[in-house]
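J.: Residues per chain are reported as follows:
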Amino acid sequence: MRNAFARVLTELAKDDESLLLFYADIGNRLFNPLKEFAEERAINAGIAEANMASMAAGSAMMGHKPFIYTITPFTTSRNFEQIKIDIAYQNQPVIIVGTGSGLSYANLGPTHHSFEDIALMRALPNMHVICPADAYELEQLMPQLIELNAPCYFRIGKKNEPAVHEGNPALTFGKVHVMRPGERIAVLSTGTIMPLAQALVSELTEHGLSPELVSFHTVKPLDEAYLNDAITRFDHVITLEEHNVSGGFGSAVLEYVSEQENGPRMHRFGIPDRFIDQVHSTADARAKAGLTVPDIMSTLSERGVV
Amino acid sequence: MTLNSIAAQIRYTLCDVSSQTKTPHLGSCLSCVDILTVLYWRTMHITPNNPANPERDYFLLGKGHAASALYTTLAYRDYFSPTALYEHGQTDSQFEEHPGIHAPAGVETVSGSLGHALSLATGMALSKQLQGAKNRFYVLMGDGEINEGTVWEAAMFAAGKRLSNLVAIVDFNKLQGTGESTEIMHLEPLEEKWRAFGWHTMRVDGHDIDALEQALETAKSIPQPVCIVADTVKGKGVSFMENDNNWHYRIPTEEEVAQAKQELGIS
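As you go down the protein sequences, you meet chains A and B in turn.
Using the working numbering, read the first sequence as starting at 1093 and increasing by one per residue.
Using the working numbering, read the second sequence as starting at 9 and increasing by one per residue.
Hint data in this document are derived by calculation from the structure and do not stem from the laboratory.
Just so it is clear, the structure is predicted and the values come from calculations on it, not from any experiment.
Mixed in with the good hints, there may be bad ones.
To be verified - For lysine-lysine, the following DSS-like pairs were computed, each having C-alpha atoms within a straight-line distance of at most 30 Å:
1) B:30 x A:1176
2) A:1251 x A:1267
3) B:228 x B:169
4) A:1127 x B:169
5) B:142 x A:1127
6) B:182 x B:228
7) B:169 x A:1176
8) A:1380 x A:1251
9) A:1312 x A:1251
10) B:182 x B:269
11) A:1250 x A:1176
12) A:1106 x A:1251
13) A:1127 x A:1267
14) A:1106 x B:169
15) B:228 x B:30
16) A:1127 x A:1250
17) A:1106 x B:142
18) A:1312 x A:1380
Please put together the full structure from these sequences, using the hints given.
T.: Here it is in structure tokens:
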């Protein structure tokens, strides 16, 4: 997904001279195509992420549209106070790009994991939170975020995420994309865990169910219109995310649904409230976190859903 | 009016506003009044009747707790009426104890959390350098404020980009919230520290109007970022406040304001 980010940014920067990229000394050759025609707008901010966030806010105040880019924990939690005051409170159109989110860098350990970033960002007024599932979603949504001209957190993956969409559906910021209509059960997924959601839907289908599958790429603002409708249509709503089950996407849906009358039962799946370490791969880490189809099916079975 | 008499008027108003509105940080305000006076009456290209002039120079207050010093300077520089200053810290006032997004025209950014202003100004200065614009950026920081690591991140970046449109001024009053700044962290030799970070440095008496003016004029032709270390006295101008750190938080009584008025030569 990071390759798609660099490619889309390069294309957009050709037509929009106000776009700036600040990156915290990562990416190696990733941004060479951008540097070829706009070297001065691809700015290595050094390994100084807090300063990078405030500098980006300052450049936005002067009319630029900056992106800040590095591995997720370093551009969400390490620099959180700079984001809160200089980007969110002062409402500056900085797009914060966290790459390798969730368990993308599972093997690098808890220093490089991010299970708290959605929680942090969605707690900030003025902030928008967008988690594309694959390169296609990134490509569809990124120009819309620039158009939004407001603080955004863009939570992206690393590389080689499987494409999750068939055809080229039009995606709209702030609106869910229903990938497969269904009944009784809705599976709502945000970000790069979508292939697991798809596998879960296949498994549920084999059990004779017909679940709805939804890409919930925009976590803030929540698509309340969809949820209002979902409340009347489903008995069970399942959320999936590669983030702590507390405070993230599932919590956002739960908070909304729980305050409506006669809502469906919620089933949130994500990282349990613990650090995940001693793992070799993202698949291993997901297994340790219980983010597998058998684990989820087991919970759903215990709860009488299947 | 001479700049010294303008500065005296600002100091008296700061004492009176603090007393009447029960807002603290008087000592921190008094140490930077001469610096602000020189910036706003001599150094910066500003147009108070058109605060949004895109060609203006920018002042960023790092030590946001000295907001009252900035508000009062702007008031006497005709951005708004000095009578408005007595709304300081009141509910729904533009003049919050730390400048917020509703601050009056002339206040360029939010402040209050230390160590943000130099980073913001560095981003602003970089943008203007890319745009080929001539605006200059002035940042005032406290000596306690430069404990913050982001200050030094910004310092390294700005020097790396040779941002010649950026000037940092350290209000070196030797006292921070709860003690002596040179003892709480190892600050000295401060101008050498900034020089080692790639900045052109000068050290001046932060209460000498002519020396400040000369240093700030010199800075305009230096082809790299400039740091002016200004030696100051916390509580400057009022004998019983000078170098007494209780005035970081204390509110003066009416009698104390009257004594300050007399000492400052305000009729």
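J.: Hint by hint, which ones does this structure get wrong, listed from lowest number up?
T.: Violated: hints 13 and 15.
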